[in-house]
Amino acid sequence: MNWNEFLEFTRGPLFAVSLLVFICGMTYRLVRVVLLGWNKDRVLAEGSKAGGVVKSYGKGLLILPFVPWVKNTFKRNPIIYLFGGIFHLGLFVVIFLGTAHMLVWKSLLGFGWPTLKVPIVDWFAAATIVAMIALLIYRWTNPVLKLLSGPAQVFNWLFVFLPMVTGYMMTHHLWFPYEELFSLHMLSVDVMLIWIPLSSISHFMFYFFSRTIHGIEFGKRAVTP
Amino acid sequence: MAEKTIYEHLTGNGMSRREFMKMCGVLAGAMGLQMVPPVAASDLPLDPALDVSLTQKVAKALESKPRLPIIWLEFQDCAGCSEAITRSQSPTLVDLVLNKISIEYHETLMAAAGFQAEENKQAIMDQYHGQYVLVVEGSVPVGSDGVYCTVGGRTAVDQLKEAAEGAAAIIAVGNCAAFGGIPKANPNPTDAKGVWDLITDKPVVNIPGCPAIPEVTTGTIAHFLIFGTLPELDSLNRPMTFYGTTIHDRCLRRPFYEAGKFALTFDDEGARKGWCLYKLGCKGPTTYNSCASIKWDAGLSFPIQSGHPCLGCSQPNFWDGGGFYQGQSAPLNRPNLAAVGAAAAIGVVAGAGMTATNRAQKKQAASREAGGSES
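If you're matching them up, the sequences are chains A and B in order. By this note's numbering, the letter at position 179 of the first sequence is numbered 179, and the numbering carries on one by one without gaps. One gets this note's numbering by counting positions in the second sequence from 1 and adding 1000 to each.
Careful: at least some of the hints might be erroneous.
As the list claims (entries may be wrong) - With a Cα cut of at most 20 Å, we get these calculated PhoX-like pairs of lysine-lysine: (1) A/Lys-117 <-> A/Lys-106; (2) B/Lys-1261 <-> B/Lys-1295; (3) B/Lys-1004 <-> B/Lys-1065; (4) A/Lys-55 <-> A/Lys-220; (5) B/Lys-1065 <-> A/Lys-117; (6) B/Lys-1273 <-> A/Lys-117.
FYI, nobody ran anything at the bench for these hints, they're computed from the structure.
Please model the entire structure based on the sequences and the hints provided.
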């Protein structure tokens, strides 16, 4: 199998299978969580549940990332907070606002959207890679994190890091022929798609799930989340 | 009597020594050789391994070698590569045919037809056994015992194998002959194959493209004529001289790619300003060929220069490599809704099943516990 055939395989059947595994796995995870069930709501709500949800998202997406010092976690672990923030923002920008990735979404969903200029996305990608390396070093050096880290955490890091690095190298045509980097990029993405439902990277979905539930709970009690 | 050398043939036709040396320089250039006069005069650093002027090398070869017999077979093709080679500028086909090579059999170009033509081909294969160059255009169908393409009542596979047996070199011109091309595209009803899939005991030089760049074809033939060897090949058996870099590497729109300036439609401001065509489906980054440097029609233009994205026609399976106007990053297969629904359904059933099992186990454990505490 030459690189050309390998690229066709990773862009074609392997990607399709990985995507289906991802969809199947994430549905399974979601169903398991939903079927855990929650107690019947027998208490009269003191405040607006919808209002609680709005506040919960507002705080989670707008306040905490941009005014982080209001949070205790930031004071205790500024490195994780800062680099974690850069990583998540960068990942969002690269995946949704990068031209090449928007074209992937367009081919899957049938519609596209405006994207950022390549050099801008590039900076975010570079920042994300640097943040990931910083987070890994911190994980290795911090005694508590070190204790909490097993193979699963290493794989989580690796399966996100590899697509980032190969994608960056590919965009800049660094060191290896384009189709080789493209193949490796696609391979790492395919592996990541399969790995996500099996791992805590699935928090990208449960984040919204838990934010909503917490918002409802807080809203019911008329307290600010 | 020994056969006339090319030089003798040329001087016999009235060519002067000066004209001969000039022609040798052009030929060296056509092969993409490094020490052609303009390059040599440019003071650029040259490869020290090449201490003799390439023009002299070419001249020496032409002085000592007879004309090269060529047998050109066409199978599942459109004759587009033949059409293209008639427009080769350096060396021109006229120059090649009249002076340096001798195309003994070419269905589109020869005047002869019918059984006489086939008999002539057979005679040439016998006479020049082990000396002729076999050029193949078009893919070879092997499905249903090869009946989808027959010439003179014989299948393409049969003809190819017979001609390949006595060939000194085999050159597959065009994507069809090299990699199966359009006839091999999904669902490939004739089970079309490239020449190198069938001829495995001899090296096959692939000159893919749709059509192949004429100068690349003639340059490769000229290389074999002059050096008596095949040029250096890449992993897909393409001459490195012509297929060493991607279209993207040499693209005149490359700075716009680097700057992130893309045309979004064929008639927007970006398209008018000549911005990068990546978003319009350009396959330049993964396509190896010299369109961007040699160009077409005597260096007039090439598709990207004229405003159309590269289709990747010199890569294997380019016809199935995603939509021509779909960004290259897009996956090749999009799972259909039924598959997505099935995957989600499996997830739901598995999740619900697992939950039910857990609940049942919990219940059992609880009842066991209750039973245990009663006793």
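message = For a quick check of understanding: which of the numbered hints are violated here, in increasing order?
response = As far as the earlier hints go, 2, 5 are violated by this structure, in ascending order.
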